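Chains as they are written, first to last, in UniProt numbering: chain Y, 1 to 238; chain B, 1 to 238; chain G, 1 to 238.
Hints listed in this document are in silico derivations from the structure and should not be mistaken for laboratory results. Among the hints, a few may not be true.
Stretches of chain Y that chain B covers, calculated by requiring three or more beta carbons in the stretch to come under 8 Å of a beta carbon on chain B [what the hints assert, rightly or not]:
#, segment
1, 50-62
2, 121-129
3, 141-148
4, 152-160
5, 193-206
All of these numbers come straight from a predicted model, not from anything done at the bench. Heads up, the beta-carbon is just placed ideally off N, CA and C, and yes, glycines get one too.
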Amino acid sequence: MDSLFSPSLQHWLDLAGIFVFAISGALLAVRRNFDVFGIAVLAEVTGLGGGLFRDVVIGAVPPAAFTDLGYFLTPLLAAFLVFFLHPEVERINKAVSVFDAAGLGLFCVTGTLKGHEYGLSLTSSVVMGLATAAGGGVLRDVLANEVPSLLRWDREVYAVPAIVGSSAVALLIHLDQVRPSTTVGAALLAFLLRLLALRYNWRAPRAWHRRSATVDAQATHGDAAREPENGGRQVGSG
Amino acid sequence: MDSLFSPSLQHWLDLAGIFVFAISGALLAVRRNFDVFGIAVLAEVTGLGGGLFRDVVIGAVPPAAFTDLGYFLTPLLAAFLVFFLHPEVERINKAVSVFDAAGLGLFCVTGTLKGHEYGLSLTSSVVMGLATAAGGGVLRDVLANEVPSLLRWDREVYAVPAIVGSSAVALLIHLDQVRPSTTVGAALLAFLLRLLALRYNWRAPRAWHRRSATVDAQATHGDAAREPENGGRQVGSG
Amino acid sequence: MDSLFSPSLQHWLDLAGIFVFAISGALLAVRRNFDVFGIAVLAEVTGLGGGLFRDVVIGAVPPAAFTDLGYFLTPLLAAFLVFFLHPEVERINKAVSVFDAAGLGLFCVTGTLKGHEYGLSLTSSVVMGLATAAGGGVLRDVLANEVPSLLRWDREVYAVPAIVGSSAVALLIHLDQVRPSTTVGAALLAFLLRLLALRYNWRAPRAWHRRSATVDAQATHGDAAREPENGGRQVGSG
Numbered sequence: 001m002d003s004l005f006s007p008s009l010q011h012w013l014d015l016a017g018i019f020v021f022a023i024s025g026a027l028l029a030v031r032r033n034f035d036v037f038g039i040a041v042l043a044e045v046t047g048l049g050g051g052l053f054r055d056v057v058i059g060a061v062p063p064a065a066f067t068d069l070g071y072f073l074t075p076l077l078a079a080f081l082v083f084f085l086h087p088e089v090e091r092i093n094k095a096v097s098v099f100d101a102a103g104l105g106l107f108c109v110t111g112t113l114k115g116h117e118y119g120l121s122l123t124s125s126v127v128m129g130l131a132t133a134a135g136g137g138v139l140r141d142v143l144a145n146e147v148p149s150l151l152r153w154d155r156e157v158y159a160v161p162a163i164v165g166s167s168a169v170a171l172l173i174h175l176d177q178v179r180p181s182t183t184v185g186a187a188l189l190a191f192l193l194r195l196l197a198l199r200y201n202w203r204a205p206r207a208w209h210r211r212s213a214t215v216d217a218q219a220t221h222g223d224a225a226r227e228p229e230n231g232g233r234q235v236g237s238g
Numbered sequence: 001m002d003s004l005f006s007p008s009l010q011h012w013l014d015l016a017g018i019f020v021f022a023i024s025g026a027l028l029a030v031r032r033n034f035d036v037f038g039i040a041v042l043a044e045v046t047g048l049g050g051g052l053f054r055d056v057v058i059g060a061v062p063p064a065a066f067t068d069l070g071y072f073l074t075p076l077l078a079a080f081l082v083f084f085l086h087p088e089v090e091r092i093n094k095a096v097s098v099f100d101a102a103g104l105g106l107f108c109v110t111g112t113l114k115g116h117e118y119g120l121s122l123t124s125s126v127v128m129g130l131a132t133a134a135g136g137g138v139l140r141d142v143l144a145n146e147v148p149s150l151l152r153w154d155r156e157v158y159a160v161p162a163i164v165g166s167s168a169v170a171l172l173i174h175l176d177q178v179r180p181s182t183t184v185g186a187a188l189l190a191f192l193l194r195l196l197a198l199r200y201n202w203r204a205p206r207a208w209h210r211r212s213a214t215v216d217a218q219a220t221h222g223d224a225a226r227e228p229e230n231g232g233r234q235v236g237s238g
Numbered sequence: 001m002d003s004l005f006s007p008s009l010q011h012w013l014d015l016a017g018i019f020v021f022a023i024s025g026a027l028l029a030v031r032r033n034f035d036v037f038g039i040a041v042l043a044e045v046t047g048l049g050g051g052l053f054r055d056v057v058i059g060a061v062p063p064a065a066f067t068d069l070g071y072f073l074t075p076l077l078a079a080f081l082v083f084f085l086h087p088e089v090e091r092i093n094k095a096v097s098v099f100d101a102a103g104l105g106l107f108c109v110t111g112t113l114k115g116h117e118y119g120l121s122l123t124s125s126v127v128m129g130l131a132t133a134a135g136g137g138v139l140r141d142v143l144a145n146e147v148p149s150l151l152r153w154d155r156e157v158y159a160v161p162a163i164v165g166s167s168a169v170a171l172l173i174h175l176d177q178v179r180p181s182t183t184v185g186a187a188l189l190a191f192l193l194r195l196l197a198l199r200y201n202w203r204a205p206r207a208w209h210r211r212s213a214t215v216d217a218q219a220t221h222g223d224a225a226r227e228p229e230n231g232g233r234q235v236g237s238g
């Protein structure tokens, strides 16, 4: 399997993905007013959570997160940078989104590749790519006691770019065209799709036959009551 | 171990359990106003979460959820059906409960059987049956940012039917009477117990020596403030 | 590896750590008004969660929690005691903290030792010690739908005592001085540091460059809206 992809490049892509996801976790921790250890833990969980889930599920234990010191130190570096140098509060939301998009692109590629290396079928490898890309963010949101962005209707589509990127990698595997240039292309494809989704507010449909007006009003009211951090954001951007 | 239980029947029972749990996850996603991907993800997590936990813990990796395409596609089918054909909003609560009860019955049986196949003791197999049956629902509620139904006092008992069903299977194993008819009987027993609990509002006691009045008032007030989705339900049923 | 540490003593330390963590989980369940099964489940999850995470990650499956009946029964005993004999409501917060501190001390020691036994480096073993010590409490808070204490700025430092205790064990391993007396000393060190942190309200800093006044006000307001259980505590102590 080492011929599929240069181990060294995959390692650096992994570290880059961990770093940008960890930045997004650390920024959310700052927004939620966590202390320095909360920032570090949320950076570690966001950066390593998707890969940890992947490794535990495919049986690659102990996971890279616990055998490669670089994997552990990278989120600490991200937490350190955010702790001292994080952007102005009002810029945080946008920065979280862009870093998160970059992590999405990198992780759906490495997740799909590693899933296939460990014997999963192409379809399961695509699912594993999506799980690797989305897992860290879901854990981040669960630990911050928020409804995961991945699931929310009022957030731009997240799953589609990851599925497209993972499927592109599966196609490359099928065509025996896995090379640094092509896989980086797949990561960029997912990254750009996610940025476009953010730029143009692409949203996925909700269930049919909903009693729209009443339910939406209730839901909106409920979300406002449940998620006062939105209030913080509005103040921050005001 | 294949003589214990027809692999094909266990496979179909598994798929049926996954399907009904996935329906319950998809319906909750609709109630929480998630988009189509949120519906699919919550269906997958609810349908596969308990079995995934079981397989990771007993070392059956990669788990069936990632090696059997049917396991992955079944929740998607459930999400598809709910997306287009979900019942009227006011009927959702009841449907979630009944489907969830069916999944409970099926999963406590298959979880106990698989735990024992992988070498757990009878007691541990019962615990594994309960964890398999309750795991998907707990993950569903955690992702939807709700207190798991499993834990709440103001919900009908969920653990008792699962423990009874799992214990019945353990007894069957001990008596060497594991056959399709007897195991389906154990699943029906748990299913019916859960339906009875729902019908007659069976609730489990809370801790002794609580200062009932004050604390209950606080808790009720707190729950109302925390869980506006209850408001949505009341409107739906009005 | 059996020369590192008496298996019997490690087993008893593990059971003691499970017991005190389970007490903290059961007490939180009482405070959250869960029923008897919710109390038992939260006791099991809090007591076994950290070790379960550790065992799954290092590949020690099936985990001790599912092979050793004592590991399963200990949290039930804790739940039983709390159910019938839990202290007056107004004393609960303090009791949770002290029991939790004792579990922290014991688990960071056993987690570091077991991580090293399974081939992790000393650094990774320290991380595993922290994860073992903090994992159960994080799962407890996530299931109770609270922001994990571990992450919150307005809670006394939790990570520092665990890191100090785990690092002390790593030093003992490095110096080949792992004996019951020295490892119990490391557990006591972490326990006492945590108690001092609670006594003197040691808190960790938050990110630099925050717009303190506005953001704090927002955060306080938000937390008050999100976490009415604080209201319950104030009433309980009034």
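Results of checking the hints against the structure:
Using a Cβ-Cβ cut-off of 8 Å, 4 residues of the segment 50-62 of chain Y lie near chain B, which meets the minimum of three, so the contact claim holds. Chain B is given as covering the segment 121-129 of chain Y, and this holds because 5 residues of the stretch bring a CB closer than 8 Å to a CB of that chain, at least three being needed. A stretch counts as covered by a chain when three or more of its residues have a beta carbon under 8 Å from one of that chain; for the segment 141-148 of chain Y and chain B the count is 5, and the coverage holds. Remark: the segment 152-160 of chain Y is confirmed as covered by chain B, as 6 of its residues place a Cβ nearer than 8 Å to a Cβ of that chain, reaching the required three.
Look at the segment 193-206 of chain Y against chain B: 4 of its residues bring a Cβ nearer than 8 Å to a Cβ of that chain, three or more, so the hint holds.
Going through the hint list in order, the structure satisfies each hint without exception.
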